[in-house]
Amino acid sequence: CTSTITYIDGDKGILRHRGYDIKDLAEKSDFLEVAYLLIYGELPSGEQ
222 CTSTITYIDG DKGILRHRGY DIKDLAEKSD FLEVAYLLIY GELPSGEQ
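Terminal number for the sequence shown in the numbering used here: 269, no gaps in between.
Please keep in mind that the hints were generated in silico from the structure rather than gathered at the bench. One thing to keep in mind: the hints can contain errors.
Pair by pair, the computed Cβ-Cβ distance ranges are [stated by the list, open to error]:
#  : residue 1 : residue 2 : range
1  : 269       : 233       : 14 to 24 Å
2  : 234       : 267       : 31 to 41 Å
3  : 235       : 262       : 14 to 24 Å
4  : 267       : 242       : 15 to 25 Å
5  : 232       : 268       : 35 to 45 Å
6  : 267       : 231       : 29 to 39 Å
7  : 268       : 234       : 12 to 22 Å
8  : 228       : 265       : 18 to 28 Å
9  : 231       : 266       : 32 to 42 Å
10 : 251       : 226       : 12 to 22 Å
11 : 267       : 223       : 31 to 41 Å
None of the values given here were measured: they were computed from a predicted structure. For every residue, glycine included, the Cβ atom is placed at its ideal position computed from N, Cα and C.
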């Protein structure tokens, strides 16, 4: 299955959402920012 939202490689321990490593998102973004990323394909700007 191919997805533009999530990439998983269990053998290598890789999980990405929209190209962003899940560890980076967990450390640097809050829930609403990640939700915005998943819906719109990019992280929100400061104005959003």
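Taking the hints in turn, this is what the structure says about them:
In this structure the hint that residue 269 and residue 233 lie 14 to 24 Å apart at CB is violated, the actual value being about 33 Å. With their beta carbons about 32 Å apart, residue 234 and residue 267 fall inside the hinted range of 31 to 41 Å. At about 19 Å, the beta-carbon gap between residue 235 and residue 262 stays in the expected band of 14 to 24 Å. For the pair residue 267 and residue 242, the supplied restraint of 15 to 25 Å holds, since their beta-carbon distance comes to about 22 Å.
The given range of 35 to 45 Å is respected by residue 232 and residue 268, whose C-beta atoms sit roughly 40 Å from each other. Between residue 267 and residue 231 the beta carbons are some 35 Å apart, a value that agrees with the proposed interval 29 to 39 Å. Distance hint for residue 268 and residue 234: a CB-CB separation of about 35 Å, inconsistent with the stated range 12 to 22 Å. Between residue 228 and residue 265 the CB atoms are about 21 Å apart, so this pair conforms to the stated range of 18 to 28 Å.
Separation of residue 231 from residue 266 is about 33 Å and conforms to the stated range, judged on CB atoms against 32 to 42 Å. One distance hint, 12 to 22 Å for the beta-carbon pair residue 251 and residue 226, holds here, with the actual separation near 19 Å. Take residue 267 and residue 223: their Cβ atoms lie about 33 Å apart, and the range 31 to 41 Å holds.
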